[in-house]
Amino acid sequence: KQEVTQIPAALSVPEGENLVLNCSFTDSAIYNLQWFRQDPGKGLTSLLLIQSSQREQTSGRLNASLDKSSGRSTLYIAASQPGDSATYLCAVSNTGNQFYFGTGTSLTVIP
Amino acid sequence: SAVISQKPSRDICQRGTSLTIQCQVDSQVTMMFWYRQQPGQSLTLIATANQGSEATYESGFVIDKFPISRPNLTFSTLTVSNMSPEDSSIYLCSVVPGDTYEQYFGPGTRLTVT
Numbered sequence: 001k002q003e004v005t006q007i008p009a010a011l012s013v014p015e016g017e018n019l020v021l022n023c024s025f026t027d028s029a030i031y032n033l034q035w036f037r038q039d040p041g042k043g044l045t046s047l048l049l050i051q052s053s054q055r056e057q058t059s060g061r062l063n064a065s066l067d068k069s070s071g072r073s074t075l076y077i078a079a080s081q082p083g084d085s086a087t088y089l090c091a092v093s094n095t096g097n098q099f100y101f102g103t104g105t106s107l108t109v110i111p
Numbered sequence: 001s002a003v004i005s006q007k008p009s010r011d012i013c014q015r016g017t018s019l020t021i022q023c024q025v026d027s028q029v030t031m032m033f034w035y036r037q038q039p040g041q042s043l044t045l046i047a048t049a050n051q052g053s054e055a056t057y058e059s060g061f062v063i064d065k066f067p068i069s070r071p072n073l074t075f076s077t078l079t080v081s082n083m084s085p086e087d088s089s090i091y092l093c094s095v096v097p098g099d100t101y102e103q104y105f106g107p108g109t110r111l112t113v114t
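Protein chains in written order, with the numbering used here: chain A, 1 to 111; chain B, 1 to 114.
Please keep in mind that the hints were generated in silico from the structure rather than gathered at the bench. Note that the Cβ used here is the ideal one computed from N, Cα and C, for glycine as well. Be careful, since some hints might not be right.
Here are some chain B residues the structure puts well away from chain A; computed CB gaps all over 10 angstroms [to be verified]:
no.	residue
1	Asp26
2	Met31
3	Gln38
FRET-style restraints, in silico, Cβ to Cβ [what the hints assert, rightly or not]:
no.	chain 1	residue 1	chain 2	residue 2	range
4	A	Ala79	B	Ser88	36 to 44 angstroms
5	A	Arg72	B	Asp64	34 to 42 angstroms
6	B	Gly52	A	Thr108	40 to 48 angstroms
7	A	Asp27	B	Thr100	16 to 24 angstroms
8	A	Tyr31	B	Glu58	17 to 25 angstroms
Here are some chain B residues the structure puts well away from chain A; computed CB gaps all over 12 angstroms [said to hold, decoys possible]:
no.	residue
9	Glu58
10	Pro67
11	Ser81
The following block holds chain B by itself, in its conformation from the complex (with noise of 0.2 angstroms):
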């Protein structure tokens, strides 16, 4: 199993302004994903960050728009850059630690633009 962390748990933000969102685990995993859950909708992927590779992100996300940053196998970063309205979601780290591939999350980071 793994204990997922993430900072912050929610904030508001102002137009055109960028946001970092933390997740820290409490073992060293290969495999991390961030995902946006936008308002009563199901989870959508953003990308994959393996740790030593640079980020694979789903189509309809760009580098530019969520830089993600994986600087060793117990962190990560995701960012909201240049944010909108419509950027107003739940983001959410998953991780999966062993060879089951069972997934687990942290508790999310609630995003509200103005």
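Isolated chain A (complex conformation) (with noise of 0.2 angstroms):
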């Protein structure tokens, strides 16, 4: 069964700082990697997904990595703002239905 780990679990920023939130997994026979942000008590916001075929992806100051061949993603946030404080998951697709979750990293961004 897959296993998605994502590490740290919380990390707190002052504002302006770029910062690299990872995730891994232990099957590399994925069909993609897509990475959310959850704020408190609320629902999942698509940030950026990643196909099996594609290195990277990017938008805005967000930029996804994927290695699958290690197991591993980065989603690397440029010039941090309160405003991104938020949980960040990552989730893993290995057959296009079913979905495994990471546990989470939990950002902080001080003003």
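Need the complex rebuilt from these two chains, each delivered in its own frame; the hints are there to steer you.
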């Protein structure tokens, strides 16, 4: 069974800093990997989707990379802002219709 | 993409009662999922609800406790039956509308059982 781990569990940074969130998975035969943001008590907002054939995806200040062979993905956030404070979750799909979620990284950006 | 709404957004319920959560999608989708997120935890899949077939439940979840209906391609309900305080969670529905298999989530239903 696919297992997804996210490190660190929590991260606190000053505003303006660049940061990296990590996601690792045990089975490299994935269909895609998706990064989400979750604000407290709310649903999940899709940030970036990386197909298995892709190496990275970018959206604004966010860049996600994928290394299937090593079972890793990173989410890079440039010039962090207090509004980026949230929990970030990665999810891996092996078949396209079953998804495995990581435990999340709780990010706090200090003004 | 897909826009998903859920009702109710939150509720406080008495032990032993049942609550039905509705999930409405703005487009027709085949695959729909129901998740539970307990306080401070990640998401746990309850069941997959594809239109035209019975819901498929994950290990640890049973139909008697979490009956699901999927009457058409834009709507589903999840009922949490005979509730106990351990059922206090956020319940989320999600859909996968296209062939990229990108998942979209509703805003969630925050359930507190007293």
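**Report entry** Assertion that serine 81 (chain B) lies farther than 12 angstroms from chain A (Cβ)
**Finding:** At roughly 23 angstroms from the nearest Cβ of chain A, serine 81 (chain B) sits farther out than 12 angstroms, so the non-interface label holds.
Report task. Take a look at whether the Cβ-Cβ distance between alanine 79 (chain A) and serine 88 (chain B) falls inside 36 to 44 angstroms. Result -> Check passed, 38 angstroms falls within 36 to 44 angstroms.
Query - Range hint 17 to 25 angstroms (beta carbons of tyrosine 31 (chain A) and glutamate 58 (chain B)) holds or violated - result: The hint (17 to 25 angstroms, Cβ to Cβ) holds, given that tyrosine 31 (chain A) and glutamate 58 (chain B) are roughly 19 angstroms apart.
Requested in this report: Could you tell me whether the CB distance from aspartate 27 (chain A) to threonine 100 (chain B) stays inside 16 to 24 angstroms?
Outcome: The hint (16 to 24 angstroms, Cβ to Cβ) holds, given that aspartate 27 (chain A) and threonine 100 (chain B) are roughly 20 angstroms apart.
**Report entry** Distal placement of glutamine 38 (chain B) relative to chain A, Cβ over 10 angstroms
**Finding:** Consistent with the label, glutamine 38 (chain B) stays out of reach of chain A, its closest Cβ about 12 angstroms off (over 10 angstroms).
Query raised in the report: For glutamate 58 (chain B), is the shortest beta carbon distance to chain A beyond 12 angstroms?
Result: violated (10 angstroms)
Query raised in the report: Beyond 10 angstroms from every Cβ of chain A: is that where the Cβ of methionine 31 (chain B) lies?
Result: violated (6 angstroms)
Query raised in the report: Was proline 67 (chain B) rightly flagged as not at the interface, with every chain A Cβ beyond 12 angstroms?
Result: Consistent with the label, proline 67 (chain B) stays out of reach of chain A, its closest Cβ about 21 angstroms off (over 12 angstroms).
**Report entry** Interface exclusion of aspartate 26 (chain B) relative to chain A, criterion Cβ beyond 10 angstroms
**Finding:** holds (15 angstroms)
Requested in this report: Hint says 34 to 42 angstroms; check whether the CB-CB distance for arginine 72 (chain A) and aspartate 64 (chain B) agrees.
Outcome: With a Cβ separation near 41 angstroms, arginine 72 (chain A) and aspartate 64 (chain B) satisfy 34 to 42 angstroms, so the hint holds.
Query raised in the report: So the hint says 40 to 48 angstroms: do the beta-carbon atoms of glycine 52 (chain B) and threonine 108 (chain A) match that?
Result: The hint (40 to 48 angstroms, Cβ to Cβ) holds, given that glycine 52 (chain B) and threonine 108 (chain A) are roughly 45 angstroms apart.
The earlier numbered hints that this structure contradicts are 2 and 9.
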